[in-house]
Amino acid sequence: MVKKAKTVTYYEAIGRRKSAVALVRLYISPKASKTTSSMNKGDFLINSIPAKEYFQFEPYVQLFQLPLHVVDALERFAISVIATGGGKRGQLDAVRLGLARALEQADENNRKKLKAEGLLTRDSRVRERRKAGTGGRARRKKQSPKR
1 MVKKAKTVTY
11 YEAIGRRKSA
21 VALVRLYISP
31 KASKTTSSMN
41 KGDFLINSIP
51 AKEYFQFEPY
61 VQLFQLPLHV
71 VDALERFAIS
81 VIATGGGKRG
91 QLDAVRLGLA
101 RALEQADENN
111 RKKLKAEGLL
121 TRDSRVRERR
131 KAGTGGRARR
141 KKQSPKR
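In this text, residue positions in the sequence shown follow the UniProt record's numbering: the first is 1, and each later residue adds one.
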């Protein structure tokens, strides 16, 4: 029995940073999926909101587009992201990592460029847990009485 080759409609990758998680999908043909029937190539939606509205701070806009600039794919895909958890900056870094991983799946030749820019490396720093016996924070010492 001959297996049929799967036609890929999108590339999917997950990016994480602190407690933020971003599920990134790069759609090859935007009309292939029912959920993205209104998307065109070059569209970038985060939680169904255009990315430039979601991250309104201008340096943030440049940061999440960095993987696309590195591989010259700014208008090649329709991009849909579901970002949960964390704050805006954590979500931004999660989106950037997920986008870089999805671009790597789309074309193996992108790996070298993305790796050189450090876009495929996960930032493993997370908030340190609070310890018992401290004054409310992770490493703070309890205040000692003066007398």
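Take these hints with a grain of salt, some might be off.
Stated by the list, open to error - Subject to a maximum C-alpha distance of 27 Å in a straight line, what follows is the list of computed DSS-like cross-link-like pairs (lysine-lysine):
#1 K41 to K115
#2 K141 to K113
#3 K88 to K52
#4 K112 to K18
#5 K142 to K52
#6 K18 to K141
#7 K18 to K146
#8 K131 to K146
#9 K146 to K52
#10 K131 to K18
#11 K146 to K41
#12 K131 to K115
#13 K52 to K41
#14 K113 to K131
#15 K41 to K141
#16 K146 to K112
#17 K141 to K52
#18 K115 to K52
#19 K18 to K41
What the hints assert, rightly or not - Each pair of labels, with its calculated beta carbon distance range:
#20 G118 to D72: 17 to 23 Å
#21 R137 to N47: 44 to 50 Å
#22 T9 to A132: 49 to 55 Å
#23 F57 to R111: 28 to 34 Å
#24 A132 to D107: 27 to 33 Å
#25 S19 to A116: 16 to 22 Å
Just so you know, these hints were derived from the structure itself, not from any lab. Every residue gets a Cβ at the ideal spot worked out from N, C-alpha and C, and that includes glycine.
Each hint, compared with the structure:
Between K41 and K115 the CA atoms are separated by roughly 25 Å; this keeps the pair inside 27 Å, and the hint holds. A threshold of 27 Å between alpha carbons decides the hint, and for K141 with K113 the separation of about 46 Å lies outside it, so the pair is violated. For the given pair, K88 sits about 13 Å from K52 by alpha-carbon distance, which is consistent with the 27 Å threshold. A distance of roughly 26 Å separates the Cα atoms of K112 and K18; the hinted pair therefore holds under the 27 Å criterion.
For the hint pairing K142 with K52, the CA-to-CA distance comes to about 45 Å; that exceeds 27 Å, so the pair is violated. The straight-line distance between the Cα atoms of K18 and K141 is roughly 25 Å, inside the 27 Å bound, and the hint therefore holds. Using a Cα cut-off of 27 Å, the hinted pair K18 and K146 is violated, with the two alpha carbons roughly 39 Å apart. About 24 Å separates the Cα atoms of K131 and K146, which keeps this hinted pair within 27 Å; it holds.
Restraint check for K146 and K52: not satisfied, since their Cα atoms lie roughly 54 Å apart, outside the 27 Å limit. At most 27 Å may separate the alpha-carbon atoms for a hinted pair to count; K131 and K18 meet this at roughly 19 Å. Of the supplied pair hints, the one linking K146 and K41 is violated, its CA atoms being roughly 67 Å apart against a limit of 27 Å. Using a Cα cut-off of 27 Å, the hinted pair K131 and K115 is violated, with the two alpha carbons roughly 37 Å apart.
With a C-alpha separation of about 16 Å, the suggested pair K52 and K41 falls inside the 27 Å cut-off, and the hint holds. Our distance criterion of 27 Å between C-alpha atoms is broken by K113 and K131, whose separation comes to about 42 Å. For the suggested pair K41 and K141, the alpha carbons sit about 54 Å apart, so the restraint of at most 27 Å is broken. Restraint check for K146 and K112: the C-alpha separation of about 60 Å exceeds 27 Å, so the hint is violated.
Between the alpha carbons of K141 and K52 the distance comes to roughly 43 Å, so the proposed pair goes past 27 Å and is violated. Taking the CA atoms of K115 and K52, the gap is about 25 Å. The hint holds against a cut of 27 Å. Between K18 and K41, the direct Cα distance comes to roughly 30 Å. Violation of the 27 Å bound is thereby established for this hinted pair. In this structure the supplied range 17 to 23 Å holds for G118 paired with D72, their Cβ-Cβ distance being about 18 Å.
For the pair R137 and N47, the supplied restraint of 44 to 50 Å is violated, since their beta-carbon distance comes to about 32 Å. Evaluation of the 49 to 55 Å hint for T9 and A132 yields a pass: the beta carbon distance comes to about 51 Å. Evaluation of the 28 to 34 Å hint for F57 and R111 yields a pass: the beta carbon distance comes to about 29 Å. Judged by the Cβ atoms, the range 27 to 33 Å given for A132 and D107 is violated: they are separated by roughly 50 Å.
Taken as a hint, the range 16 to 22 Å is violated for the pair S19 and A116, whose Cβ atoms sit roughly 28 Å apart.
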